[in-house]
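Student: Sequence:
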Amino acid sequence: MAVALNKRATIIGAGMAGLSAAVALARHGWKVALTDSAAQAGGRCRSYHDPQLGRVIDNGNHLVLAGNQAVARYLKTIGASDRVVGPASASFEFVDLADGARWTIRPNDGPVPWWLLDAGRRVPGTGIAPYAALGRLLIGRKSDRVSDRIALAGPLARRLIDPVLLSALNTDPREGSARLAAAVIKGSLARGGRASAPRIAEPTLAAAFIDPALAWLALRGGKLATGTRLRALVSDGERVTGLDFGAGVEPVHGAVILAVPPWVAQSLIPGLSAPTEFRSIVNAHFAFAPPPGTPAMIGVIGGTTEWIFAFDDRISVTVSGADRLIDHDREGLARIFWGEIARIHSLPDELPPWQIVKEKRATFAATPEQDSLRPGAVTRYTNLFLAGDWTQTGLPATIEGAIRSGETAARLARQAALV
Numbered sequence: 104m105a106v107a108l109n110k111r112a113t114i115i116g117a118g119m120a121g122l123s124a125a126v127a128l129a130r131h132g133w134k135v136a137l138t139d140s141a142a143q144a145g146g147r148c149r150s151y152h153d154p155q156l157g158r159v160i161d162n163g164n165h166l167v168l169a170g171n172q173a174v175a176r177y178l179k180t181i182g183a184s185d186r187v188v189g190p191a192s193a194s195f196e197f198v199d200l201a202d203g204a205r206w207t208i209r210p211n212d213g214p215v216p217w218w219l220l221d222a223g224r225r226v227p228g229t230g231i232a233p234y235a236a237l238g239r240l241l242i243g244r245k246s247d248r249v250s251d252r253i254a255l256a257g258p259l260a261r262r263l264i265d266p267v268l269l270s271a272l273n274t275d276p277r278e279g280s281a282r283l284a285a286a287v288i289k290g291s292l293a294r295g296g297r298a299s300a301p302r303i304a305e306p307t308l309a310a311a312f313i314d315p316a317l318a319w320l321a322l323r324g325g326k327l328a329t330g331t332r333l334r335a336l337v338s339d340g341e342r343v344t345g346l347d348f349g350a351g352v353e354p355v356h357g358a359v360i361l362a363v364p365p366w367v368a369q370s371l372i373p374g375l376s377a378p379t380e381f382r383s384i385v386n387a388h389f390a391f392a393p394p395p396g397t398p399a400m401i402g403v404i405g406g407t408t409e410w411i412f413a414f415d416d417r418i419s420v421t422v423s424g425a426d427r428l429i430d431h432d433r434e435g436l437a438r439i440f441w442g443e444i445a446r447i448h449s450l451p452d453e454l455p456p457w458q459i460v461k462e463k464r465a466t467f468a469a470t471p472e473q474d475s476l477r478p479g480a481v482t483r484y485t486n487l488f489l490a491g492d493w494t495q496t497g498l499p500a501t502i503e504g505a506i507r508s509g510e511t512a513a514r515l516a517r518q519a520a521l522v
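For reference, each letter of the sequence shown is one residue, going 104 to 522 in my numbering.
Watch out, some of these pointers could steer you wrong.
[What the hints assert, rightly or not] Here are the simulated SDA-like pairs of lysine to any residue, each with C-alpha atoms no more than 20 Å apart in a straight line:
1) 289 with 242
2) 110 with 369
3) 289 with 369
4) 179 with 242
5) 110 with 140
6) 463 with 407
7) 110 with 407
8) 463 with 369
9) 179 with 376
10) 289 with 326
11) 326 with 182
These aren't lab readings, by the way, just hints derived from the structure by calculation.
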């Protein structure tokens, strides 16, 4: 009977980390129950119908790479591998609004970077030497910032390194953790262009990452309760024995996984170390069907816009490290973004229906100091484990990191059940 009880888990939080943990446990025959304080699952990877646009949109544009192994495992398990799309090989288009220059970065598929010998595959105006110097990013102290290891000046930094690392870290590379930046490079470009190929959820994040997981879990007895906020943990000092959702303490039989934001976890586990500084992301969505031939994604240099994504029925913009824009007038932002979109894609100047989505605490600040505050998955309680992209995954706050954290928490829960 004890073994059967141990193969049950309550997962608090139904974002990517919580869903990943649930899927990983259900694969091994566990019965899982998910709760979330929001009205729907998905966390920051949510999709919803926006009445202002008359379309289903994502809260933000979340990019994954072909080499993201945890993402690949998760999507394969839930039968959604075909829900992320992109080119077979890495190809990244850019435009510089300062002079109108356009170029495409095209790494070769294999790990030996012979593409650097071809000027047509590199950033315009750059030689091979600055790229070779990027190897220094991979070696150094844990406390190093990106700027401690590599120079962030010149055309290569402005036209490639800055925008790529800013989007990966959601933190200015000048203060960002070199360790986390190196982890991104090691998992993608250092493995070759094929591992670096971009993948975008189609038609929405929910259709790729959330809905198939919920359906897969439901077939295996998984339960989801939304609009339910955990108020307190009850323990006997060694194990969590009860969960208080505000209507009395519910007994715990088995494992508990907390897959909630860091500030929520700290309120439930006093003394827990966790990041305390965060960075914003601003997204804009426009109800405008892009003309045929519009790039699915293009990086923008020298503008307010940083990345433009083209879907069948809409065009979207993402700006990372966007603290400077959080308090900006929403319509003003929409006009700025659309003006740059129209200029880049040769579209009418008239502003189409729009929506601005601001995430003030989108990710933890990926600095060395904040990285050092990230906890592991193990807690003081033998049956309570942490998951979330803010835990110590070895990566910045990414979908890959969130899914990896869920897998780790699930593995530890399974190991604890065998003790």
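Student: Confirm or reject each hint.
Tutor: Status of each hint after checking the structure:
1. 289 with 242: The hint holds at about 11 Å.
2. 110 with 369: violated (26 Å)
3. 289 with 369: violated (31 Å)
4. 179 with 242: Distance ~34 Å between residue 179 and residue 242 Cα, so the pair is violated.
5. 110 with 140: Cα-Cα ~24 Å, so violated.
6. 463 with 407: holds (17 Å)
7. 110 with 407: violated (50 Å)
8. 463 with 369: holds (19 Å)
9. 179 with 376: violated (34 Å)
10. 289 with 326: violated (37 Å)
11. 326 with 182: holds (19 Å)
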